[in-house]
Structures are given as structure tokens and as C-alpha cells.
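The residues making up each chain are set out below.
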Amino acid sequence: MSKQSSCGCHAGESCEKTGLRSIVMVGNPNVGKSALFNRLTGSYVTVSNYPGTTVEVSQGKCKIDGEEFFVEDTPGMYSLLPITEEERVSRDILFAGKADVVLCVVDAKNLKRMLTLTLQLVEASLPVILVLNMMDEANRLGIQIDEGELEKRLGIPVVGISALSGKGVDILKSRIRSYHRQETTAEVFYGDAVEGAVNALAPLMPAEAGLSQRALALLFIQNDSNIAALVRSTEVSSPDFLESTLAELDKKLTEPVSYTVPMMQHNTAEDICNEAFNPPAERKRSFAQRLSDWTMEPLTGIPILLIVLYYGLYKFVGEFGAGTIVGFLEEDIFGKYLSPWINDTLNAYVPWIPLRELIGMQYGIVTLGIRYAIAIILPIVGTFFIAFSIIEDTGYLPRLAMMVDRIFKKIGLNGRAVIPMTLGFGCDTMATMVTRTLETKRERIIATLLLALAIPCSAQLGVVLGMVANNRAAMGVWAAFMIGIFLLVGFLTARLMPGDRPNFYMEVPPLRMPRPGAVFIKTYTRMQWYFMEILPMFILASVMIWLGNITDTFKVVVSWLTPVMNWIGLPKEAAVAFLFGFFRRDYGAAGLYDLQKAGALSGNQLAVAVITLTLFVPCIAQFLMMKKERGLKMACTMALFIFPFAFLVGGLVNVLLKLTGIQL
Amino acid sequence: MKTNERIEETLEKLWEQLEENTGGNISPEILDPEQNAFLDTLVEKGLVEIFQGGIRFTKTGREEARLAIRRHRLSERLFHDIIETNQDDMEEAACQMEHVVKKEIEEEICRLLGHPETCPHGKPIPAGACCQKARLSGDKFVAPLASLKRGEKGVIAYIKAGDSKKLQKLMAMGILPGNPITLTHAFPSFVFTVGYSQYAVDRDMADAIYVKRGVHDHVK
Numbered sequence: 222m223s224k225q226s227s228c229g230c231h232a233g234e235s236c237e238k239t240g241l242r243s244i245v246m247v248g249n250p251n252v253g254k255s256a257l258f259n260r261l262t263g264s265y266v267t268v269s270n271y272p273g274t275t276v277e278v279s280q281g282k283c284k285i286d287g288e289e290f291f292v293e294d295t296p297g298m299y300s301l302l303p304i305t306e307e308e309r310v311s312r313d314i315l316f317a318g319k320a321d322v323v324l325c326v327v328d329a330k331n332l333k334r335m336l337t338l339t340l341q342l343v344e345a346s347l348p349v350i351l352v353l354n355m356m357d358e359a360n361r362l363g364i365q366i367d368e369g370e371l372e373k374r375l376g377i378p379v380v381g382i383s384a385l386s387g388k389g390v391d392i393l394k395s396r397i398r399s400y401h402r403q404e405t406t407a408e409v410f411y412g413d414a415v416e417g418a419v420n421a422l423a424p425l426m427p428a429e430a431g432l433s434q435r436a437l438a439l440l441f442i443q444n445d446s447n448i449a450a451l452v453r454s455t456e457v458s459s460p461d462f463l464e465s466t467l468a469e470l471d472k473k474l475t476e477p478v479s480y481t482v483p484m485m486q487h488n489t490a491e492d493i494c495n496e497a498f499n500p501p502a503e504r505k506r507s508f509a510q511r512l513s514d515w516t517m518e519p520l521t522g523i524p525i526l527l528i529v530l531y532y533g534l535y536k537f538v539g540e541f542g543a544g545t546i547v548g549f550l551e552e553d554i555f556g557k558y559l560s561p562w563i564n565d566t567l568n569a570y571v572p573w574i575p576l577r578e579l580i581g582m583q584y585g586i587v588t589l590g591i592r593y594a595i596a597i598i599l600p601i602v603g604t605f606f607i608a609f610s611i612i613e614d615t616g617y618l619p620r621l622a623m624m625v626d627r628i629f630k631k632i633g634l635n636g637r638a639v640i641p642m643t644l645g646f647g648c649d650t651m652a653t654m655v656t657r658t659l660e661t662k663r664e665r666i667i668a669t670l671l672l673a674l675a676i677p678c679s680a681q682l683g684v685v686l687g688m689v690a691n692n693r694a695a696m697g698v699w700a701a702f703m704i705g706i707f708l709l710v711g712f713l714t715a716r717l718m719p720g721d722r723p724n725f726y727m728e729v730p731p732l733r734m735p736r737p738g739a740v741f742i743k744t745y746t747r748m749q750w751y752f753m754e755i756l757p758m759f760i761l762a763s764v765m766i767w768l769g770n771i772t773d774t775f776k777v778v779v780s781w782l783t784p785v786m787n788w789i790g791l792p793k794e795a796a797v798a799f800l801f802g803f804f805r806r807d808y809g810a811a812g813l814y815d816l817q818k819a820g821a822l823s824g825n826q827l828a829v830a831v832i833t834l835t836l837f838v839p840c841i842a843q844f845l846m847m848k849k850e851r852g853l854k855m856a857c858t859m860a861l862f863i864f865p866f867a868f869l870v871g872g873l874v875n876v877l878l879k880l881t882g883i884q885l
Numbered sequence: 004m005k006t007n008e009r010i011e012e013t014l015e016k017l018w019e020q021l022e023e024n025t026g027g028n029i030s031p032e033i034l035d036p037e038q039n040a041f042l043d044t045l046v047e048k049g050l051v052e053i054f055q056g057g058i059r060f061t062k063t064g065r066e067e068a069r070l071a072i073r074r075h076r077l078s079e080r081l082f083h084d085i086i087e088t089n090q091d092d093m094e095e096a097a098c099q100m101e102h103v104v105k106k107e108i109e110e111e112i113c114r115l116l117g118h119p120e121t122c123p124h125g126k127p128i129p130a131g132a133c134c135q136k137a138r139l140s141g142d143k144f145v146a147p148l149a150s151l152k153r154g155e156k157g158v159i160a161y162i163k164a165g166d167s168k169k170l171q172k173l174m175a176m177g178i179l180p181g182n183p184i185t186l187t188h189a190f191p192s193f194v195f196t197v198g199y200s201q202y203a204v205d206r207d208m209a210d211a212i213y214v215k216r217g218v219h220d221h222v223k
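These protein sequences, in sequence, are chains A and B. Letter by letter, the first sequence follows residues 222 to 885 of the numbering used here. Letter by letter, the second sequence follows residues 4 to 223 of the numbering used here.
None of these hints come from the bench; they were simulated from the model. Among the hints, erroneous ones may be present.
Unchecked claim - Capping the alpha-carbon separation at 20 Å, the derived lysine to aspartate or glutamate pairs in EDC-like fashion look like this:
| id | chain 1 | residue 1 | chain 2 | residue 2 |
| --- | --- | --- | --- | --- |
| 1 | A | K818 | A | D553 |
| 2 | B | K168 | A | D471 |
| 3 | B | K48 | B | E12 |
| 4 | B | K168 | A | D445 |
| 5 | B | K152 | A | D514 |
| 6 | A | K472 | A | D413 |
| 7 | B | K156 | A | D514 |
| 8 | B | K163 | A | E306 |
| 9 | B | K152 | A | E518 |
| 10 | A | K630 | B | E94 |
| 11 | B | K16 | B | E94 |
| 12 | A | K388 | A | D286 |
| 13 | B | K168 | A | E476 |
| 14 | B | K156 | A | E408 |
| 15 | B | K168 | A | D553 |
| 16 | B | K163 | A | D471 |
| 17 | B | K163 | B | E120 |
| 18 | B | K168 | A | E306 |
| 19 | B | K163 | A | E518 |
| 20 | A | K631 | B | D207 |
Extracted from the complex, chain A is given alone in its bound form (with noise of 0.2 Å):
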């Protein structure tokens, strides 16, 4: 075997040319699958205690004995016949055959359920080892689990670890790296009608697939989509032998395919599990089961929720971060310190002002580009991702997910939406990229349109409570605004856009304790994200600035906003916020925060400033993930309409607020 030493094996980017063995990943979701992706190549990839959150398909290298192996980790997968997109990313990577090793990673403790799984793999005569992770929940629950059985019912190599401790990580990886076929592996028996039409449909199927032609027969047989067409677009078969297989089989089963077949094969895994998975006698109700009753209580779930919401969000993130961490930043570090000794270097030692104006002075790369990417956005999306990471290891999100879903069924979505939504008030840029594990085309564009619109993500939401937090009135009117708005349009789109009602169905993870690990490894990844992408669109930013600065374009441009400004009864200083927003959110954000510490804004038109700001264009960044999600046509559509729309809603709240003469 030839080896390239080197490839960019980003998240996407297919790696097929490394000429390493290559190792699969796949499984139901959250067995997982991310933690021994990272435990078997070193890197980090975000492991959480949500169904789905694994979106790209992460690769990386391993190392066993001196040699060197390909690990590609796959999206959550129930079946070999998909249902989500995930599933379907899943399924072509296997289809496309490459994998030396698959390692089907189980949670040991559902290994009955997951077995299914298993055993199409095996079936489609792919490579597997089974993996039985989180043996040690296992067996702290009393289960006992017999791998020898297993491996002799199953005809493949079985492995139990942890593989958040590493334990059995070892023996998983000499068990890859001596990996050989088995002769004889386990299969199914789906009762002569079936197996008659497997058997005459089988010789048709392409053969040069990653799947057996057993398995592309079963699927087939199943209705997939995916298999049909390929089937129908060959020129072995004919449509007539196709179609009256079909239907002969269709004549003798009682019941539909696609549910006798997975009705036997669990039959089978049951089998299996009768002799290998021995359960305790009777199970104990621990406190964290009773915690959880409560979370998914609306009498309990509710204050809980809240609770979380004051000091997850307000307390640690607004007050903490955004106050704290950014006083102690920007006005000691930056404000005392730094920005005086660049200005006063600038002055003394550069002579040509436009070289100064560009790294220092009011709009400098450093003086306002970095200033605002560490000292203002830094500790608050930081505290907001310490804050999420913690509260999605602890495996809340789902129980939140569930005491939402009736209210984001009337917005025309459903409850699986409350990752990206809360994500949002993080970042909506990467909440837009997760916007992908909805199932329907709707639902994504519903929800990438509420993105872009009323959540403010967690830099933007910082400042604005920065903003009015010494004005509770106007904090009050911004957040009814918001929510109301997000209800409002959520509904009115769902109208707009017919589409079948969503279903919503959630695997419910046990409630543990978050681990600082893991913690610190989410909240890092995601703050490495965060940061690659927004330091250069800072310094990007800055730089516009300053070009538009000194060739007076940017007079130009704040001149046409001018009386925008006017009519929403804002100063027309804000325009230059407003301008800087579209390049972040946060930015035009941290704009509007100099400009209320300055003493330039009243009640009323702070309420209008942070109103018209959150509601105000998605940035640059997400506007581009926007394109790349949902298409260039549905992006400007969407763009189009949240211009006008925000400064319509600010110029309504001006007016609202001055006829009835209230002053915030």
C-alpha cells in the first residue's frame, strides 16, 4: 500500500487518496460515536448529549502499531434504509464501499434495540466490528453482557468499552489493526416470501456496491428510493420482472414490507439477546430519573427552565461576561492601556496619518477590529458557550425540545428545532449550519428565516442587555418585540409555506452530570470555530472602514441612512453602527454600546436602536452560510424582506411610543 503523508482532511473533504486503511464509524445516535472518534484519533470533535449533532462527517488519522489509519466519523443512523438527510450521508459512505473497518458503535445498555442495525451491516457483508460502548453504564445499571456469545452468534468480532474513560479502547484498536473477514457471519431469515424475492431480485442488483446485493435487495424490496432508482436506471433488469416481483410479494405477505422486515430482524436480535444480555432483576429509580421527570413537567419543567434561563443566561453570560469580563477588558486593559500606548506610538513614530488611522485611532484594525473581537465579543460568546456546553452535556436540550414542541408546531416547526434555535443565541451563523438536521426542506427554510431574524446571537444579546440594563422598561419592550415577532412570523410563514406537519419524535438521553472535560472541549472547539471565523472578518471589517473612511465613501453610505435614522428617531450617529452591523451583528452591536455609554441615546430610542439592531441583517457570516444552506435565490430573498422589515418595526415602535407619549 502506497502512503501520502499528507491531506487535508477537513470536515467534508472527501480523503480518498491517502491509500490508508480506513475505518467507518457508524450507529444510532448518541451511542457515542464523536467520543471514540476523538478517543481513537486525538482531535476533538464536539461530543453532546443530543441526539443529531454530529451534522459533517468528521475525519481524522489514527495511529495503531506504527500504522497509520483513515477514521471517518459518520452522522447518527437508525437504519441502512434512511429516513433523515444524516442518515442518508451515512448510508453513501458505506454504499461507496471504502471502509476496511466499520465499527458499529452500540450503547450496550439498548443493545437489543440496536442490534437491527447490526445486523443489516453484517448482512450487507460489510467489514464490522461490533462495539459495545458505555459498558461500564452497563454494568453500573447490573447488566451483564456475554461478548463471546455475541461473537459466535454474530460472526464478527465484539468489543465492550467506555470510551469516555478509554477503557477496552486498547483492545478495540489490536482488534482493528489484526482485522480479517469471517467466513461465516449471522443472518437473517425473513420467512420464504421474502426471502423468495430477495433471492430473484439479489443477481440484479449492482455488484460493485459497498452493499451486498442481498442487502440492496432487501432495501429495494422496502421501497428505498435511493436503491429504485439506481435499480431501474440499469440495463440488467427489466421494469416488468421488477415491478411483478413486487407485487407477488406484496400479494403474499399479510403485512408491508417495510414492516416485516424489520419485524424479523429484531426477532432476531432478540433472539441473540436472550442468550447474550442479561438484565438485572429490577431496576432503581435514581435522582437523576426523578430530576428529569421533573424537567419534562410544565409545573416544575417551567421554573427549572427559568431558572436556568437566570442564571445560565443572565447572571453568568449577561452579567458576568458581558459585564465583568468586558468592563475589565475594554475599559481598564484596552481603554487605560492599550489603545493610549498604540496611539501614542502611532503619533510618534508614523508620520503618514492613513497608515495610523488604519491600525490605531477610531477605526484601526487594532483600536476597533481587535479591540471589539477580544475585549467585547471574546468573554461573551465564551461565557454563552460554557454556558451551552454545560447545559447540553448535562443532556437538558431534549427535555427542552419536548416542552416546546406544541408551541413551535404553530410557527411550522417542531420541537427537534430548539437545538438550532438555542444555538442561535450563541452564534446563528453555526446555528444555521445546524439548521441541516431538520427533516423537512420547510422547516429548514422557517427556521433559518427566524435565525436571521429575531435571534440575537449571544454577542449582539450581550450588548443589548448591556445596553439596557439600567433601563428595565426598555429592556421589556425589546424582549416582547422579540417574541413577539419570532411567534408572529414563524406563523405567518408556516401559513405561507403549505408543507405536511412535522413529526417530532426524540430519543430522551439520561440526565448525568456534565463532565469539565467534555465541557471544556465543546466550548473550546466551538470558541476555535467561532474565532477562525470572525478575527479576519474583524480585521476585514476595520480595513472597509478605513478604505471607505479615507476615500469618503462611507460618508456617502451614513449620509443615505441618514434619514432612515431620522424617521425611526434615531441620531444620526447610529447609522455608523447599523453600517458596521452588516459586517458583524455584534459589531454594529458594540457600535450602538459606545454610543450609549456616550449618553447620545434616550429610552425610547434605545428601545428602537436594539429592536431595529437584533432584528437587523443577518452579518456577513451568516448571511454566507445562508447561501451555502439554503441557495443564493432563498439568501437575497430573505435579506430582502429583513431589510426593510427591521426598520419598519424600529420607525412602528418610534411612532407607537411617542402617540402614546411613553417615555422608556
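Assemble chain B onto chain A, guided by the hints.
Here is chain B on its own, set in the frame of chain A:
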């Protein structure tokens, strides 16, 4: 139409009028001419009698009518709930089926449906002997998950086959017939436990899962 079938149809029609609308004693005019012409046969067989210018059931006639209406509405439920045919097909199929159902099969169907109390149109289904027995013996009902009480245990009986995507989703998550199931929350969404896993679903999904109630232990 065979005579028996016509008798049953007419009895059902009369049941709706006599038992569910006015009650007691009505004029024959509400029947269509064909059925009206049939009235003599019913009188001859001792199922109805003319009373003060109107008609009313005899004791046997009332019982016959009750059973006929029960079979009709159970058949409707069967086609509506399990086979999930559309409204027109349901009517047609139910009309044919009700006449060929034997007593034992009627009870089987009733048990499968979980001894339902109303037809898909919301009209009451007269209770059979099996319904009373089930109620007495600690209800071995089959009912949609959504109708279970909180904390109630059962065994998944079947998943409604109407929407195959829904079926696939549930089956893929391991929610399969024969598995013990416990409903832990019913509001704002439905939460239940199967094996060592907990799931949350909306009402639509919860309505598709039918559960044998009152069976706690593992059924093999």
C-alpha cells in the same frame, strides 16, 4: 342484497331513529320506500311491531338491531383505525363486512381495537359481552398510547400502518410490537420508556402506537 342483509340494514336504520334520535315509537315515514316495503317481513319475523300507528322494536328485534349496529360500527373502526382507508372506502367495506362477521370474530376485532366506545363518526358502539368482561378483569385493552394514563405500563401491540414514514421512524428507534412500554408524561408531549431508552413524541406519533394495556411482564 340477501334478505338477511336487508333485515340487518333496516334494523340499523331503525336503531338510529328509535334509540338515538326520537326514541320509542316513530312513524314508518322515515324509512325509504324499499325498506318500508320490507317492514312487513320484520313484523312477520317478530322483530318490530306496530304500536299506536308507529313502529317499535320487539325485545328480540331490539337485541338484533343492537348487534347489527355494533358490528357495523366495529367494522368502521377497524377500517378507520388499523387499515386507515379513506372515508368512502371505509363505509363501503364496513357495510359489506358487518354481514359476514361471526360472533367470535366480532369479539376478536373488538379486543384488537381495544373495546372502543364510539365509531369514527362519534356515535356509540353498543358494548358486547367481551367489553364487559374486559372491564371487569382489569382491562386487557388495546389502546393508542396517547390514551394511556401517566405511569401506565403495557406492551406494544402494533403500530398503525397508515403512514409508512411514521412507521419507519418508530420502528427504527426500536419501538416495536412485543416490547414493554411505560408512558411517563402525557403533556406537553408524550414521553415513554422502551427498554432502557426514553423517547418523546408528539400526539400524532403517540396515536400511532397501540398498546396492550394491563400486561406488565415480558411477553414472549
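Going through the hints against the structure:
{"no.": "1", "hint": "K818(A) - D553(A)", "verdict": "15 Å, holds"}
{"no.": "2", "hint": "K168(B) - D471(A)", "verdict": "18 Å, holds"}
{"no.": "3", "hint": "K48(B) - E12(B)", "verdict": "15 Å, holds"}
{"no.": "4", "hint": "K168(B) - D445(A)", "verdict": "11 Å, holds"}
{"no.": "5", "hint": "K152(B) - D514(A)", "verdict": "15 Å, holds"}
{"no.": "6", "hint": "K472(A) - D413(A)", "verdict": "13 Å, holds"}
{"no.": "7", "hint": "K156(B) - D514(A)", "verdict": "16 Å, holds"}
{"no.": "8", "hint": "K163(B) - E306(A)", "verdict": "24 Å, violated"}
{"no.": "9", "hint": "K152(B) - E518(A)", "verdict": "15 Å, holds"}
{"no.": "10", "hint": "K630(A) - E94(B)", "verdict": "32 Å, violated"}
{"no.": "11", "hint": "K16(B) - E94(B)", "verdict": "15 Å, holds"}
{"no.": "12", "hint": "K388(A) - D286(A)", "verdict": "18 Å, holds"}
{"no.": "13", "hint": "K168(B) - E476(A)", "verdict": "15 Å, holds"}
{"no.": "14", "hint": "K156(B) - E408(A)", "verdict": "33 Å, violated"}
{"no.": "15", "hint": "K168(B) - D553(A)", "verdict": "59 Å, violated"}
{"no.": "16", "hint": "K163(B) - D471(A)", "verdict": "18 Å, holds"}
{"no.": "17", "hint": "K163(B) - E120(B)", "verdict": "19 Å, holds"}
{"no.": "18", "hint": "K168(B) - E306(A)", "verdict": "14 Å, holds"}
{"no.": "19", "hint": "K163(B) - E518(A)", "verdict": "28 Å, violated"}
{"no.": "20", "hint": "K631(A) - D207(B)", "verdict": "15 Å, holds"}
Comparing the model with each numbered hint stated earlier shows that hints 8, 10, 14, 15, 19 do not hold.
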